[in-house]
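Can you build the whole structure from these sequences, using the hints too?
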Amino acid sequence: MNRTLYDLIGLAAGVAFILALKGLSHPKTARRGNLIGAFGASLATLVVFFYANPDSSLPLNNLGWILGAMVVGLAVGVPAARKVQMTQMPQLVALFNGVGGGAAALVAIVEYLHLGVEATTAEVIFTVFTVIVGCVSFSGSVITFLKLQELMTTRPVIFPAGRFIIAATLASVIGVGGWVVTALGTTPLLVLAALSLLFGVLFVLPVGGADVPIVISLLNAFTGLTVAASGYVLDSVLLIIAGTLVGASGTILTRLMAEAMGRSLFGTLFGAFTAKPQDASGTGEERPVRSGSPDDVAILLNYARRVVIVPGFGLAVAQAQHTVRELADMMIAKGIDVAYGIHPVAGRMPGHMNVLLAEANVPYEQLAEMDEVNPTFGQTDVAIVIGANDVVNPAAQTSPGCPIYGMPILEVNQAANIIFLKRSMRPGFAGIENELLYDPKTMLLFGDAKASLTKVVSALKAL
Amino acid sequence: MEPMAIVSIFVLAVFVGFEVVSKVSSTLHTPLMSGANAIHGVILVGAIIVADHSSTNLELGLAVAAIVLATINMVGGFVVTDRMLEMFKGNKK
Numbered sequence: 002m003n004r005t006l007y008d009l010i011g012l013a014a015g016v017a018f019i020l021a022l023k024g025l026s027h028p029k030t031a032r033r034g035n036l037i038g039a040f041g042a043s044l045a046t047l048v049v050f051f052y053a054n055p056d057s058s059l060p061l062n063n064l065g066w067i068l069g070a071m072v073v074g075l076a077v078g079v080p081a082a083r084k085v086q087m088t089q090m091p092q093l094v095a096l097f098n099g100v101g102g103g104a105a106a107l108v109a110i111v112e113y114l115h116l117g118v119e120a121t122t123a124e125v126i127f128t129v130f131t132v133i134v135g136c137v138s139f140s141g142s143v144i145t146f147l148k149l150q151e152l153m154t155t156r157p158v159i160f161p162a163g164r165f166i167i168a169a170t171l172a173s174v175i176g177v178g179g180w181v182v183t184a185l186g187t188t189p190l191l192v193l194a195a196l197s198l199l200f201g202v203l204f205v206l207p208v209g210g211a212d213v214p215i216v217i218s219l220l221n222a223f224t225g226l227t228v229a230a231s232g233y234v235l236d237s238v239l240l241i242i243a244g245t246l247v248g249a250s251g252t253i254l255t256r257l258m259a260e261a262m263g264r265s266l267f268g269t270l271f272g273a274f275t276a277k278p279q280d281a282s283g284t285g286e287e288r289p290v291r292s293g294s295p296d297d298v299a300i301l302l303n304y305a306r307r308v309v310i311v312p313g314f315g316l317a318v319a320q321a322q323h324t325v326r327e328l329a330d331m332m333i334a335k336g337i338d339v340a341y342g343i344h345p346v347a348g349r350m351p352g353h354m355n356v357l358l359a360e361a362n363v364p365y366e367q368l369a370e371m372d373e374v375n376p377t378f379g380q381t382d383v384a385i386v387i388g389a390n391d392v393v394n395p396a397a398q399t400s401p402g403c404p405i406y407g408m409p410i411l412e413v414n415q416a417a418n419i420i421f422l423k424r425s426m427r428p429g430f431a432g433i434e435n436e437l438l439y440d441p442k443t444m445l446l447f448g449d450a451k452a453s454l455t456k457v458v459s460a461l462k463a464l
Numbered sequence: 061m062e063p064m065a066i067v068s069i070f071v072l073a074v075f076v077g078f079e080v081v082s083k084v085s086s087t088l089h090t091p092l093m094s095g096a097n098a099i100h101g102v103i104l105v106g107a108i109i110v111a112d113h114s115s116t117n118l119e120l121g122l123a124v125a126a127i128v129l130a131t132i133n134m135v136g137g138f139v140v141t142d143r144m145l146e147m148f149k150g151n152k153k
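Going down the list, the sequences are from chains F and V. Just so we're aligned: the first sequence equals residues 2 to 464 in this note's numbering. Just so we're aligned: the second sequence equals residues 61 to 153 in this note's numbering.
Check before you lean on any hint, since a few could be wrong.
[Unchecked claim] Below, in silico cross-link-like pairs of lysine-lysine (DSS-like), each with a Cα-Cα straight-line distance of 27 Å or less:
(1) F:Lys29 / F:Lys84
(2) F:Lys456 / F:Lys335
(3) V:Lys83 / F:Lys29
(4) V:Lys83 / F:Lys23
(5) F:Lys442 / F:Lys335
(6) F:Lys462 / F:Lys335
Think of the hints as simulated: they come from the structure by calculation, not from any bench.
This is the structure:
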């Protein structure tokens with residue numbers, strides 16, 4: 002295959018990626034967009050087998066190793082993606098992003114070893130960039146995975162003099178990067194990779210709670226840029242286009258996500274450098290709460306005219322989306338006005354709740370976005386908060402200095418009655434106490450969301 | 061390749077990337093991120109290229125590891141995105 006044809010096919014794949022991102026931006030075309038992207042990626046992968054290296058003819062060297070490695074990758078990636086539960090998708094995406102960053106860093110290292118002293122200064126600089134950012138993306142994504150999987154604390158991890166350690170690590174990463182460019186050795190490159198891995202860990206540790214998805218999106222954009230940089234070193238236009246597209250769209254997406262959560266992107270990015278130990282709020286003193294039975298809840302609902310359901314991560318954990326729909330359908334049959342109030346970041350990711358409720362065939366018209374539903378809470382008789390906490394916490398509006406201050410919330414505190422379905426009194430993902438739980442008009446129903454809802458449904462039937 | 065050509069491609073791709081996702085509802089943030097994540101799995105192409113011209117066992121070993129990771133990223137990414145979007149089918153009726 003000649004070079005021109007190869008490049009043309011690469012260009013076609015690049016166009017497919019643009020169409021994919023465009024398709025993914027609209028609900029109707031999203032699925033087709035993803036398939037177009039998969040087509041472009043398959044095309045690019047297929048064609049490289051016919052033209053990997055201008056100096057050699059068919060077949061590829063090390064073909065057995067290449068195909069074997071791809072089979073291993075397929076055997077790991079496909080089952081993981083197919084079997085993962087809805088609740089665990091965000092961390093799987095984080096992990097996929099991390100291995101992509103790791104792959105880019107490895108590609109850069111191999112090419113560097115291969116080129117040796119023949120590498121031009123520009124190539125070395127791009128290699129250094131790829132190794133640093135790829136390693137940061139890899140180790141950072143692993144930490145976000147551990148946080149979302151709750152294998153480690155979800156709260157910000159802040160250690161004494163942390164910001165100085167982080168700043169010193171970053172300075173040494175840059176210093177060693179300069180050393181690699183001037184000294185051109187394998188050892189400096191490996192030191193660079195190790196330091197970058199460490200920096201990735203330190204960079205993500207102080208990020209807690211609601212900021213984790215923003216960081217995943219940011220690391221995703223990072224990985225895109227490393228792919229673009231390795232495209233420069235490997236002289237591949239396709240990698241430059243694909244990597245830059247992801248880098249740019251990922252940056253915009255990160256900003257959009259940050260806006261949806263009312264976070265400053267700058268604050269999230271440089272939180273590592275400015276993080277201070279938090280106010281010791283929620284010191285665990287015992288305060289009275291009002292807890293109710295499923296019958297109490299059913300009675301409250303039976304005589305309501307308008308009910309707003311606010312789903313959160315607890316709904317996803319309990320897989321209670323079908324039960325909540327059953328409850329909503331019953332209320333609608335009784336002539337009660339029912340809406341779902343969807344906070345943009347309810348759950349662990351933006352859009353998490355929409356996906357979950359769509360699975361239970363909840364009609365689209367019943368899902369109300371935050372701006373739509375907030376003005377109606379004043380006329381709402383009952384707000385049922387199912388496994389959500391931070392997204393309804395009034396502290397976001399009233400207490401400056403609390404970690405979620407400034408995040409827009411669903412103003413359930415304006416409803417006449419509030420019902421919280423909770424597993425325990427444990428604070429939400431951001432680790433902040435919620436005053437609303439102690440409000441006199443709040444009733445708590447403890448237990449697994451699905452079990453509680455099932456009991457409420459049968460209590461409501463009996464009325 | 062000409063440095064200027066590369067800079068041009070880079071700058072244009074940045075703007076295309078900005079434009080295509082500038083207006084997207086929060087519902088689609090996660091699938092879009094996941095789809096973009098799968099797209100950077102094309103680093104697989106780069107991993108295959110370096111595996112092809114690896115000359116030492118060390119290079120080949122690292123390249124093979126890169127292929128495994130990149131394949132997971134690409135294929136897993138597209139599959140998981142499709143699964144997220146599958147859920148939206150229920151809305152059409």
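Worksheet entry | Proposed proximity, F:Lys84 with F:Lys29 (alpha carbon, max 27 Å) | With a Cα-Cα distance of about 25 Å, the restraint between F:Lys29 and F:Lys84 holds, given a limit of 27 Å.
Given the hint that F:Lys442 pairs with F:Lys335, does the C-alpha gap stay at or below 27 Å?
Between F:Lys442 and F:Lys335 the Cα gap is close to 24 Å, so the pair holds against 27 Å.
Taking only the CA atoms, is the gap from F:Lys456 to F:Lys335 under or equal to 27 Å?
holds, 18 Å
Straight-line Cα separation of V:Lys83 and F:Lys23 no greater than 27 Å? holds, 10 Å
Has the given pair, V:Lys83 with F:Lys29, been kept, meaning a C-alpha gap of at most 27 Å?
-> holds, 14 Å
Problem set entry | Satisfaction of hint between F:Lys335 and F:Lys462, Cα-Cα up to 27 Å | Distance ~11 Å between F:Lys462 and F:Lys335 Cα, so the pair holds.
This entry satisfies every hint, going by the numbered hints stated previously.
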